[in-house]
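Put together the whole structure using the sequences plus the hints.
Heads up: the protein sequence lines correspond to chains A and B, in order.
Mind the numbering: the first sequence is residues 1 to 602 in UniProt numbering, read in order.
Mind the numbering: the second sequence is residues 1 to 811 in UniProt numbering, read in order.
Among these hints, one or two may not hold up.
What the hints assert, rightly or not - Restricting the straight-line Cα-Cα distance to at most 27 Å, the calculated cross-link-like pairs of lysine-lysine (DSSO-like) are:
no.	chain 1	residue 1	chain 2	residue 2
1	A	K303	B	K233
2	A	K303	B	K581
3	A	K167	B	K581
4	B	K68	B	K90
5	B	K233	B	K360
6	A	K120	B	K581
7	B	K233	B	K24
8	A	K94	A	K45
9	B	K212	A	K193
10	A	K193	B	K161
11	B	K430	A	K303
12	B	K390	A	K94
13	A	K303	B	K24
14	B	K457	B	K394
15	B	K360	A	K303
16	A	K303	B	K33
17	B	K394	B	K360
18	B	K357	B	K394
19	A	K120	B	K291
20	B	K575	A	K167
The set of hints was computed from the structure by calculation and includes no laboratory data.
Note that this is a predicted model, so its numbers are computed, not measured.
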Amino acid sequence: MAESIVSDWINDFNGLEPQQLRSFAALHNENHELSQAIHTILNDKSKHQEYLHPICNQLYNFYRSNENELKCFTLQFFPNLIYLYLNSIACSEKHNYRCVETLILCAYNIEVCNENGLLKSVSYRMPVLAQASIYHEEKNLHASDLKRWEEHSNKEVSWRSLHQVYKITAQNRLAVMSALMFIFNQQLSLIQKSALYHLCKNSSKLAAQGFIKYGHSYRSSYGNDPMNTSISSASSTTSAPNINKMTPRIPLSQQFLLEVLNAIYFAMFNEFASAGIQTVDDIHNRACYELYSDVILVTTAIKNSLQTNPSGQPSDGLMGISVALTPSTNVVTVSKSMITNASFRTKKLPDDIPIQIDSNTSVNQSNPSAQSQAQQLGSINEEQESDTNSAKLQQQSSTTIVPTQKSSKEASKGHKTVVSGLKKLIDRDKDSKDKDKDKDDEGKKKEKEKVEKELSKAASAIKSGLNDTKENMKKLMGKDKQNSKASLQQQTQSNHHDEHQASANNGDIKSSPLVLMKRSSDVLSDGLATEVSFTNAVDGVISNNNGTGTHGIMSPFDSFNSDSESEVDHPHQQLSTSSSASVNIMMDSNAKSLGNVQVSQV
Amino acid sequence: MAKVRAGKLENTIEQCRSEGKWQKSIELAEELKASSPNHEALSNFLIGEGKLESYLEENPPVETNFGKARIGLADAKRMLISVCGEDGRKAGLALDSHLLLAKLYYACGEFEDSLEHFKLSDIDSLKQEITLSARTLRILAESYAAKGLCIEAKTPKGTSKFKTAEMETEMINCFERAADIGLLYLQSQEGPANMGAILETALQRSPIVLIKLDRLQAAIDRYRSMLSAVETKATQSLRLTLARQLAEVLLRGVSGTLYTPPLNNSRMNTSGAKKLWMPRRYTTRNQFIPKNQHEETLLLLLIAEALANRDAVLSQSPEFRIARLHALGNVTAVYDLLTLATVRWGQISFLHDSFEKALKFSFNEPHIWKQYALSLISLSRYQHALNALKDSSKLSPCDTVQLLMSAKICYEQLGLIREGLQFSYEALRKETKGMRSRANLFIGIGLQQLAITTTLKSERDLFSRQAIEAFEKAVQIDQNDYLSEYYLALQHAINYNITEALVHIKTALMLRAEHSQSLHLFALLLTANHRPNEAMRIIEDALDEFPDNINLMHVRAHLELHMKGSEQALNTLQKMIGLWKDLYESQTQAISGSLNEFHDDRHSETKSVVQYQPSLISDKDSNSIHPASLAASRVDHALSEAASSLSSFTPRPGSPKAWSIQLKIWVLLADIYLSSELPNEAENCIQEAMSINPLSHHVMYMKGKANVYLNQWQEAKQCFLNAVSANPLFPEALRALGEAHYYLGEPRLAEKYLKDAAKIDPNCPNIWYTLGKVMESLDDFTASSDCMATSLQLEPSCPVLPFTSINLAFD
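Encoded structure:
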């Protein structure tokens with residue numbers, strides 16, 4: 001019966017005039033008998049020899065035509081075709097299913113490109129509660145709800161972009177299959193409902209084939225699904241419940257299973273509850289076996305929602321949605337003593353010390369005038385750090401490993417990611433100085449204004465602390481440029497303060513010039529990453545360095561010790577000429593300055 | 001006087017009514033009745049109303065209560081009927097009492113009577129222009145609700161199609177008005193108000209009846225219209241339900257092409273031509289208006305999550321158990337939907353944030369904990385995931401999957417072999433269904449890794465014997481599993497049972513022909529079986545199927561170097577570099593972009609710039625070369641960390657994995673140049689590699705080799721020494737060091753290092769050969785000939801690359 005329907009269908013199409021195509025297409029959408037017949041043949045291996053090729057050929061023609069109905073008609077067989085294809089690969093019978101492969105490959109390539117040959121992409125914006133929407137106003141929400149989503153703020157999410165594929169290989173096979181299932185999912189509600197049953201059945205086979213069933217017998221029945229009786233009798237010949245060693249397992253991927261699950265979930269609430277649940281079980285078992293965390297996340301969620309769904313079950317119909325009344329007990333028993341999440345008021349944490357450190361990040365980037373203050377703040381803990389670092393250095397100098405200097409290429413590559421390097425530096429900075437006070441960056445930025453207020457307070461406090469070092473500085477700095485801004489003076493002063501500390505603490509290392517050299521070049525490249533965004537600071541530093549060049553040991557040390565501060569203090573004279581926007585600082589300039597350092601060392 | 005008092009009383013009563021204080025209202029009405037007899041109708045009405053409402057508060061009008069209500073409401077009914085007559089009409093109470101009676105009949109399940117009273121009340125003639133008091137609003141809303149419910153409950157039997165359609169329209173209209181007026185009423189309430197079962201049912205029912213009638217789009221619009229009404233405390237729980245349900249509808253019933261996005265609320269408001277009986281809607285400027293179903297679904301779920309989270313109960317004492325479970329159920333339902341909506345799009349970090357927040361009120365809730373742990377795994381935050389899995393496993397002790405996941409993380413990501421082994425043993429002990437072979441397989445993998453990393457021969461033999469046993473058990477239980485067969489083959493290969501290994505690898509390939517690691521091992525086994533041409537063919541075929549697999553290319557380059565000369569190998573290398581550019585270059589640049597999502601700096605335990613990446617060994621796309629062993633990768637890690645703190649070395653930005661692959665390409669290229677007698681080019685390659693990581697033992701070893709080529713034995717020795725100090729378990733470097741000492745005329749030292757090398761890799765013919773030479777120079781000819789003989793014996797079964805160079809396979 002199925003055969004005759006299908007051969008009529010093929011003949012009809014072959015004898016079609018181009019202008020008749022539209023009316024021919026219109027017939028397909030409701031033609032359940034035909035779909036049924038094609039499914040029957042696809043499911044019956046014995047009929048493949050004769051019919052598979054013409055069917056694929058015709059479906060391919062359908063897909064290629066610009067008729068949406070015909071495309072949609074073809075789409076409903078995708079799960080079935082995918083199973084046939086993947087199974088043929090697993091059985092090493094690929095040669096018999098070339099036509100299926102061709103159909104799949106063509107459909108895929110048609111779908112990933114639009115008419116202009118550009119890659120299609122499906123994307124959406126990630127909503128955030130911080131922005132009012134047609135369904136809410138941000139003021140009604142808990143502060144934590146708003147803040148938390150900020151980082152996702154209107155991010156564009158798109159389906160992994162794909163390339164055109166010329167040949168299906170083991171490497172791209174499942175990606176292609178996932179893409180096809182994705183397309184299937186896009187059209188789910190337009191596809192004939194009966195196809196959803198075949199979707200479930202084929203997905204179950206994909207997931208469970210070659211495995212021994214636990215817990216339930218191999219599906220002899222799907223319960224009360226309407227399609228059940230007619231189809232299972234037709235296909236029982238092929239999916240016989242014999243689990244022998246010869247049925248191979250079909251390799252799958254997480255993304256493919258996720259797409260399948262999406263379709264199954266839909267099927268579950270559109271008439272095929274028990275078949276869908278069964279398939280979810282099969283996929284869950286497979287995912288557990290393969291330890292696919294993404295898939296288990298979803299299957300667990302589906303299974304849990306089936307057990308405890310407050311609105312309803314898929315078998316209830318109506319998409320499992322029913323009236324869920326607030327239990328009256330809730331109103332009665334809710335007493336004052338019960339603590340809910342709403343009982344907490346978000347209290348702003350005191351904006352104390354950590355903010356000062358963090359202000360390095362925010363203030364530096366945006367507000368150069370506050371910069372020097374921030375740097376002073378950052379230098380408070382310098383002393384401790386140099387201690388630990390000197391210990392490290394000692395260790396390192398005694399290792400047998402002698403690394404050579406890095407090549408010039410590398411260093412120049414270094415500044416491509418100026419900003420990221422900076423970020424890292426700041427992170428490290430924060431980390432080393434402020435481990436226990438480490439807090440969320442994001443939140444802080446919001447409080448920038450507050451921070452600035454704090455800063456000015458703190459700055460005045462530090463000024464007084466610096467007074468005693470000032471005298472020292474004056475002696476040391478000899479011919480310090482008087483014309484540099486007042487703020488820059490402060491900055492250099494604090495740096496010199498560090499230098500002083502450092503040289504005192506690291507006396508024993510002076511004896512190891514090799515290490516010093518390494519260190520200095522390290523710092524150089526470190527510094528490079530940050531310099532560019534701190535041209536202002538660099539200017540100041542350069543004037544500083546011109547002054548300090550006379551007293552040797554300090555500069556490299558200093559820059560090492562104040563690792564985190566390296567945006568300010570490294571002996572980089574060359575930069576003064578190109579300080580304005582020098583993204584492409586060449587290594588030779590680096591080398592020269594390195595040479596300078598060496599001289600001053602010796 | 002009496003009139004004034006009565007007026008005052010009426011005011012008080014009105015207040016009681018709007019606040020729902022029915023007992024008080026009844027008392028006052030009795031007082032009113034006693035004080036002024038001409039208010040009898042009013043008093044009766046009030047008493048009837050009070051009795052009805054207070055009864056319904058105790059016994060909500062649901063089907064199970066219908067019978068009971070007939071008795072319980074008899075009093076109220078009598079009172080209200082008395083007002084329906086002429087007196088009532090005069091006092092202007094007829095409408096209200098008819099409506100209340102209709103509601104009363106509905107509560108008794110007498111739908112026909114109820115509908116009759118609706119008809120009598122002439123409710124539909126009311127003009128929308130009047131502003132109504134809160135109490136009247138409520139009566140109206142409830143009346144429409146009850147009417148809708150009555151129509152729905154009355155099964156239209158034998159009526160014509162037209163009649164049915166008419167009834168349906170009527171019902172839908174009733175629900176719609178009930179919803180609008182109900183929301184308006186709720187918006188007028190300040191505190192949290194109990195909206196009552198009738199209203200709540202009708203509000204939720206109104207879209208559902210549309211779904212039932214297969215008018216999905218209308219149902220969606222209904223949901224949208226209700227959700228766009230401004231929220232008040234009274235509507236929160238309703239909104240939670242509605243938001244979740246609309247998300248459900250969108251997930252379950254709508255797909256891409258069928259979707260129509262919602263309209264702007266302000267447009268909706270104006271089009272309605274100023275109806276007073278409409279709830280206020282959100283009309284802020286710059287609103288987020290979803291454009292497709294994903295945006296709307298996620299928005300709804302976010303709102304639902306925020307609402308559900310707010311009600312989550314933290315109190316653990318038993319008296320709150322029911323409330324807690326109810327709230328938790330609501331939250332979980334939202335999370336489950338959120339999972340469905342996000343994972344497919346790879347938005348797991350989004351999901352993870354939600355679960356993290358949920359932990360606060362999910363003490364000992366296995367579901368939430370499990371999902372939390374899984375989301376961490378998917379985010380590649382393994383250390384954290386392992387801890388979460390430990391906690392989660394405690395809550396669901398029968399779940400072997402979580403134990404095996406922990407084991408996998410330990411092996412693959414954290415290099416905690418013994419801990420992983422423990423998890424695997426525990427999984428085997430607790431094994432429920434279906435996972436016994438997996439547990440055995442994982443035990444085997446752990447033992448295999450232990451065997452590879454130990455230097456003590458007795459221990460190593462023990463571990464590898466146990467590993468074979470475990471793999472064999474796994475194969476026995478699950479004969480259809482290619483992975484167990486593969487590992488069995490690998491273990492045999494490591495033990496140099498080449499023939500045995502070949503048998504098993506063939507079985508593995510029969511079960512799954514396209515498994516890159518199996519093909520890799522097969523090729524190596526063929527080279528160890530003196531069939532290099534076949535090996536080459538296998539590799540070529542494998543590369544046809546896995547064109548981007550750098551591991552296979554690596555093997556091919558080595559094979560070509562040995563078989564076809566360096567020209568060919570150089571070609572392959574060129575391809576490898578091209579591939580690296582295609583696949584990994586983006587990772588080295590896009591540091592602020594997508595990569596950070598996976599390597600979230602905020603959470604990394606060590607804030608070092610180079611992160612712990614034993615995943616060099618195996619990676620989701622299984623593209624990494626020459627992992628040596630877990631121990632070596634640990635060394636790599638430690639050193640790169642040291643390097644970042646110590647020297648002239650700035651770690652490259654971006655994924656360390658990508659760089660380490662590049663490094664290995666450079667090292668191999670240097671090797672090829674050396675064999676084509678181009679030392680300068682080799683030197684350049686080594687420089688490049690060194691700029692990536694100067695402390696890698698591979699680089700140091702290759703530098704030594706370059707020095708050997710130039711006959712600079714002293715420098716070569718230093719390089720090999722460096723390589724050995726970086727990784728003491730690196731047999732090639734040990735061998736080369738021994739050789740260097742030999743050429744420098746220090747045979748005793750040479751002997752020592754060569755013996756060390758032989759201890760680590762007793763199956764390498766080269767080591768034995770060099771040792772033989774050394775022994776010869778020491779005039780120990782028996783030992784020398786023994787060594788040479790061993791070397792000869794081993795030579796035929798020596799693969800082109802060590803078997804352990806294949807990365808760990810888990811799928």
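Here is what the structure says about each hint:
1. A:K303 - B:K233: 33 Å, violated
2. A:K303 - B:K581: 43 Å, violated
3. A:K167 - B:K581: At roughly 22 Å apart (the allowed maximum being 27 Å), K581 of chain B and K167 of chain A satisfy the hint.
4. B:K68 - B:K90: With Cα atoms ~33 Å apart, K68 of chain B and K90 of chain B exceed 27 Å; violated.
5. B:K233 - B:K360: Given that 27 Å is the threshold and the Cα spacing comes to 23 Å, the pair holds.
6. A:K120 - B:K581: Judged against 27 Å, a Cα distance of about 24 Å means the pair holds.
7. B:K233 - B:K24: 25 Å, holds
8. A:K94 - A:K45: 14 Å, holds
9. B:K212 - A:K193: Satisfied, since the Cα-Cα distance of roughly 17 Å is no more than 27 Å.
10. A:K193 - B:K161: Roughly 26 Å separates the two Cα atoms, so the pair holds.
11. B:K430 - A:K303: 22 Å, holds
12. B:K390 - A:K94: Judged against 27 Å, a Cα distance of about 44 Å means the pair is violated.
13. A:K303 - B:K24: Violated: K303 of chain A and K24 of chain B sit about 49 Å apart, past 27 Å.
14. B:K457 - B:K394: Judged against 27 Å, a Cα distance of about 38 Å means the pair is violated.
15. B:K360 - A:K303: Holds. K360 of chain B to K303 of chain A sits at ~23 Å (cutoff 27 Å).
16. A:K303 - B:K33: 60 Å, violated
17. B:K394 - B:K360: 18 Å, holds
18. B:K357 - B:K394: 20 Å, holds
19. A:K120 - B:K291: 18 Å, holds
20. B:K575 - A:K167: Roughly 19 Å between the alpha carbons, so the hint for K575 of chain B and K167 of chain A holds.
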